[in-house]
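Once you have looked at the hints, place chains E, W and P on chain Y.
4 protein chains.
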Amino acid sequence: MHFASDNWAGAHPKIAESLLNSAGGFAQAYGTSTLDKAVERTFCEIFDRDVAVFFVATGTAANSLALASFAKPGGVIFAHREAHLIGDEAGAPEFISGGGRLRPVDGPIGRMDVETLKSAIGTVTPGNVFAGQAMGVSITQATEIGTIYELSDIAAISTLCREHDLPLHMDGARFANALVSLECSPAEMTWRQGVDVVSFGGTKNGCWCAEALVFMDPARAEGFPFLRKRVAQHFSKSRFIATQFEAYFAGGLWLELATHANAMAARLADHIRASKALRLAWEPRANEVFPLMAKETAARLRENGAIFHDWRAPHWERHVAEEGESLVRLVTSFATTLEEVDRFGDLIT
Amino acid sequence: MHFASDNWAGAHPKIAESLLNSAGGFAQAYGTSTLDKAVERTFCEIFDRDVAVFFVATGTAANSLALASFAKPGGVIFAHREAHLIGDEAGAPEFISGGGRLRPVDGPIGRMDVETLKSAIGTVTPGNVFAGQAMGVSITQATEIGTIYELSDIAAISTLCREHDLPLHMDGARFANALVSLECSPAEMTWRQGVDVVSFGGTKNGCWCAEALVFMDPARAEGFPFLRKRVAQHFSKSRFIATQFEAYFAGGLWLELATHANAMAARLADHIRASKALRLAWEPRANEVFPLMAKETAARLRENGAIFHDWRAPHWERHVAEEGESLVRLVTSFATTLEEVDRFGDLIT
Amino acid sequence: MHFASDNWAGAHPKIAESLLNSAGGFAQAYGTSTLDKAVERTFCEIFDRDVAVFFVATGTAANSLALASFAKPGGVIFAHREAHLIGDEAGAPEFISGGGRLRPVDGPIGRMDVETLKSAIGTVTPGNVFAGQAMGVSITQATEIGTIYELSDIAAISTLCREHDLPLHMDGARFANALVSLECSPAEMTWRQGVDVVSFGGTKNGCWCAEALVFMDPARAEGFPFLRKRVAQHFSKSRFIATQFEAYFAGGLWLELATHANAMAARLADHIRASKALRLAWEPRANEVFPLMAKETAARLRENGAIFHDWRAPHWERHVAEEGESLVRLVTSFATTLEEVDRFGDLIT
Amino acid sequence: MHFASDNWAGAHPKIAESLLNSAGGFAQAYGTSTLDKAVERTFCEIFDRDVAVFFVATGTAANSLALASFAKPGGVIFAHREAHLIGDEAGAPEFISGGGRLRPVDGPIGRMDVETLKSAIGTVTPGNVFAGQAMGVSITQATEIGTIYELSDIAAISTLCREHDLPLHMDGARFANALVSLECSPAEMTWRQGVDVVSFGGTKNGCWCAEALVFMDPARAEGFPFLRKRVAQHFSKSRFIATQFEAYFAGGLWLELATHANAMAARLADHIRASKALRLAWEPRANEVFPLMAKETAARLRENGAIFHDWRAPHWERHVAEEGESLVRLVTSFATTLEEVDRFGDLIT
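Chains as they are written, first to last, in our numbering: chain Y, 655 to 1003; chain E, 655 to 1003; chain W, 655 to 1003; chain P, 655 to 1003.
Pulled out of the complex, with its shape left as it was, chain Y reads as follows:
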């Protein structure tokens, strides 16, 4: 029962096969091959507009380079306190953006509260050289804790961004999971709500290694090839990423895999709701479920083969766990089986 992380899974067979099938033959390097170009066009179709696409090595690279693309000296980025780029990227956003500062913004269930964001932006007033300058806002979709921003939430944040002339970035490490949860199109979840740049993740959803930074407006990407090169994220055999994305999109595989992962999470949540020993800390919306349980229960589950991580208490609800309780994270993926999920269900009845 593997619920530790969606990056503990390997690759979907179709993704791995694509790497085998493309292995032969010669092709231009550094992203200029026919396949690279074709996959870029697929991205344009998926987003229903001309976008600029850049493959990079990791989600951290995509996030950090997004910030770098709108960097300013003394620049400040606003993101949720629990955002991956604040909590788990070890200074890469700061370094790659040339010394930017990440300003944590609070808000319940992993989402920035618009009023709190507004007030945070207000502390960095234009022309006050001492405070630095606001340079952008980043949201995570799905969030680090398996919730999602509704389309109207995104629109409200982007409206605020427009008022302050700030670009809006979306960390889409779990883009597909949010998308199928919202049952909308990529365009609706992004630029139609005012998102400017997307870290588009394929790795957590069945690829070996496929991350891209997608600029909704290609004009924003001017000069970006140099930014990417400068952090050594320009692959020579770039088609090894292109071919993964090709297989990922083909026949809607990506949506199918995310739908499966979300369904497995929903079923886990059902088991938990039915259990007397566990309770949901909040409602899951994507492929992560956060139950609370007695520490002894957690220990017993692990002894019986369930693999999962404890989770730090979110700042916005300090009392989510009671004395003696653990908050844990259960992550599902394309590779999660119904059998595993139900076995977990059996253990908690």
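If you are wondering where the hints come from, they were derived from the structure by calculation, not from laboratory data.
Hints are supplied without guarantee of correctness; some may be wrong.
[Stated by the list, open to error] Result set (DSSO-like, lysine-lysine): computed pairs, CA atoms no more than 30 Å apart in a straight line:
| no. | chain 1 | residue 1 | chain 2 | residue 2 |
| --- | --- | --- | --- | --- |
| 1 | E | K668 | Y | K691 |
| 2 | P | K949 | P | K930 |
| 3 | P | K668 | P | K691 |
| 4 | Y | K726 | E | K691 |
| 5 | E | K772 | P | K691 |
| 6 | Y | K772 | Y | K726 |
| 7 | P | K668 | W | K691 |
| 8 | P | K726 | Y | K691 |
| 9 | E | K668 | E | K691 |
| 10 | Y | K949 | Y | K930 |
| 11 | E | K691 | Y | K668 |
| 12 | E | K726 | E | K772 |
| 13 | Y | K691 | Y | K668 |
| 14 | W | K668 | P | K668 |
| 15 | W | K668 | W | K691 |
| 16 | E | K772 | Y | K668 |
| 17 | E | K726 | P | K726 |
[As the list claims (entries may be wrong)] Far from chain E, some chain P residues (derived; all Cβ distances over 10 Å):
| no. | residue |
| --- | --- |
| 18 | Q682 |
| 19 | G729 |
| 20 | I763 |
All residues carry an ideal CB built from backbone N, CA and C; glycine is no exception.
Relative to chain Y, chains E, W and P alone:
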């Protein structure tokens, strides 16, 4: 007839198959899986000592992070004027090392001349805060132009490094090609001659994407995980690189592929020697051949299907090409066929 | 009635005269002159040990370079949420330290609470590459809001630093004001309590421009000249700073000026205590006083010639001001006159 | 006989007096005082156009921040191989510009050759991500070796800059010396020839510490306050620089001092021309003279009280010195006396 670059080839079937075969199952992420650990041990065996190994996304990442690992404020790195990190990495070494300076050192056939290097190091004297401080030396093996440093050349440079307390880095993007050309062991080509850190490239020699930074002395790698993380080069599904290296090393595949590439280059050189229309600019030692020919000849060869790049005149022999002549680069790889090589041979008789 | 800031004052006549008196003659540049060396020795006497002293242009430079001197990739510095380097230095600490992160720590009356600090350090656990690595702690003495750390407070923080192997920096932009308030020696306020590096400010206390970074253990300063040079803070006519410090220390002028500034602040506080219209937000300990008053009162005082800034509500006591009240800052300096202070007193009776 | 450097002199009495005279009274900090504003207007008058002026701590800061103001990722700056920012600033330009590369350009008597510059720019072709991107050109006026660019030389370089859309920076650490040598106006030496940004130095010509970065077009300076702040070069008591510049410009003092320094250099050159033991390596045009002499002669002069530095052989004329000869640098300043110069003359007859 594909002689443009060894990164125009895809992946060797055994490498691509390894990615398919490892796709199933769950494993710990971020380099802590059983497979990652096993491949690290293989590196230790290959280098005949305990080394510290870190996978990264590109050769530029490996080179730049090597410099970052011995960075100093105002630091100066010495490398051959034609080195990849000076000519082709667009400021990544400077940025990733926190503002280091690359000091070009001259020398014939792509190799630093020891006396010239000595004199260059001498311009950055310890304690002179105005000139900055020497922080390391980098050699490329095989060089950018298909030549190699003899073991005694490496030893002479490392002796100079020791005298100035400078670490010695080897850019081994074509490590295997140099190794089989020298018919020595990895240990002999590296730490036994005083090399401290190696950018170990697998991508140009048959992998999809497999680059590693190898510290001969693990003590040098203390704190390195943070340096790598800070440039977003820490793969979550790290085993997708590990499995490539596993297949690469299994049964000596890597040496076999490099031997083949070098043999194809040698045969190309034979054809050129036999030709009246072409002449060798210098003797090839690895998998790159640099002939001179009339511009018309180059045009005719391309019309007949040969793909290759013009090459800039090396600084150390400005008159290598005569009026109306082109210097071109022919690169072979694991994927080059005897048929292609001989077809090229036929075209130039 | 100038209470806007201690940097609105010019220079004490003796400081300015020293610049006139030293103007003639030739001397070695870049800090190697006889006078520079003599002033360095004076610093050693004042701190009662061999210290390493480096002049820099601004307090922000001293603070940022202190952080840079113990920088690590992915490094995190802990400082009070209201610290100058977090609130007023526009990203200089982040940039100059090569991408460090400033982690705000809470605590009442402008001072970090030790338990809160302990818990903050605990979130950056050694070996967890995702969270980055703790690299140091910074305290401000006197604090941004005119309070001071008692010697025992400093000792408690440095004990915590030792447990985590972290250097302790003191931002001493108002070093002298704190010192005379505590009635102790520089050694007692710094290294005897475990402080490692001090930003030693002279500018706010009567110099034109005299800031120094002082390493309690010169071994910590190895390589520092390159760090300073790299941010262009190495003065050629360094003696123009040396001569200011010479005059500053001569006959205890610095202590005399700080004593005066503090006395003026204390007298202001007395006036406020006696007033019905104003009340002290907290007890002043150095040369800054923070009264609360009705907005109308603040307006009236300004109309009558009092110059002062509103102050943002400190995070640790959100309700310090009641509806319709302003929190304002009154700063005194060597140049504040008794007449000004009493005139202010008259206005508020 | 002090000919070591123009920064060994202290300050001109009028400059030092200005610091004494301005010491009293209160004024707004951080460059917003009446005096700061008045001095900015004086700069506009002197340059005969609206310019944007920013005070900084050192010439290295001015140069490095100029580069930072037109920084690009992977950016390359072209400057003469002997330029101060390449030879003497210890990586500050690289660090402050966020990792820029300084590309040395050759040319005789300390000046870039336009054809060589053209060819150097040509190696960094737009769109070639591997080579980085050209970001600007820097000239030094007067040069590091006491020569000057004629107005037509500057115009030729700026024409080339326009063709490649590159800004042109002038390192004017010895701006005044060049200006009086050319007998033209500041406008003629700068923007009328296409110069965009000037490092305007006052320190070497009689100030204690007065350096400014001057943008010919204020639109170029947008966002610059944050760049300056980020390297901690924003003085609180900014008027201590303003008052120096006020005295520097008053009654043409600055031109008078530079005229004197140049005249002293010219007289030194006359003495050398008349001497059999010394010969001029090249014709001096500002306040530096470079004679060649037997090593024994140099030793004898030093024994007799002459203070000067040996100078490294310029790359463009390797054989300027014969066997056994020394190339030395003699620098004059506002503080050099006729008596010193003639005493030196007597020693070499």
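Tested hints:
1. Restraint check for K668/E and K691/Y: the C-alpha separation of about 27 Å stays at or below 30 Å, so the hint holds.
2. With a C-alpha separation of about 14 Å, the suggested pair K949/P and K930/P falls inside the 30 Å cut-off, and the hint holds.
3. The hinted pair formed by K668/P and K691/P meets the criterion: a straight-line CA distance of about 21 Å does not exceed 30 Å.
4. For the hint linking K726/Y to K691/E, the alpha-carbon distance of about 41 Å lies beyond 30 Å, and the restraint is violated.
5. The straight-line distance between the Cα atoms of K772/E and K691/P is roughly 52 Å, outside the 30 Å bound, and the hint therefore fails.
6. Pair hint K772/Y plus K726/Y holds up; C-alpha atoms about 20 Å apart against a cutoff of 30 Å.
7. Distance restraint check for K668/P and K691/W: the Cα-Cα separation of roughly 27 Å lies within the 30 Å cut-off, and the hinted pair is therefore satisfied.
8. At most 30 Å may separate the alpha-carbon atoms for a hinted pair to count; K726/P and K691/Y meet this at roughly 26 Å.
9. Taking the CA atoms of K668/E and K691/E, the gap is near 21 Å; set against the 30 Å cutoff, the hint holds.
10. Simply put, K949/Y and K930/Y have alpha-carbon atoms about 14 Å apart, close enough for the 30 Å limit, and the pair holds.
11. For the hint linking K691/E to K668/Y, the alpha-carbon distance of about 27 Å falls within 30 Å, and the restraint holds.
12. A distance of roughly 20 Å separates the Cα atoms of K726/E and K772/E; the hinted pair therefore holds under the 30 Å criterion.
13. With a C-alpha separation of about 21 Å, the suggested pairing of K691/Y with K668/Y holds against the 30 Å cut-off.
14. With a C-alpha separation of about 17 Å, the suggested pairing of K668/W with K668/P holds against the 30 Å cut-off.
15. Between the alpha carbons of K668/W and K691/W the distance comes to roughly 21 Å, so the proposed pair stays at or under 30 Å and holds.
16. Of the pairs offered as hints, the one joining K772/E and K668/Y is violated, with about 55 Å between alpha carbons and a cut-off of 30 Å exceeded.
17. For the hint linking K726/E to K726/P, the alpha-carbon distance of about 23 Å falls within 30 Å, and the restraint holds.
18. Every CB of chain E is more than 10 Å from the CB of Q682/P (nearest about 35 Å), matching its label as outside the interface.
19. For G729/P, the condition that its CB be more than 10 Å from all CB atoms of chain E is violated, with the nearest at approximately 7 Å.
20. Non-interface call for I763/P relative to chain E: holds, since the shortest CB-CB distance, roughly 21 Å, exceeds 10 Å.
Consistency with the previously given hints fails for numbers 4, 5, 16 and 19, ordered from lowest to highest.
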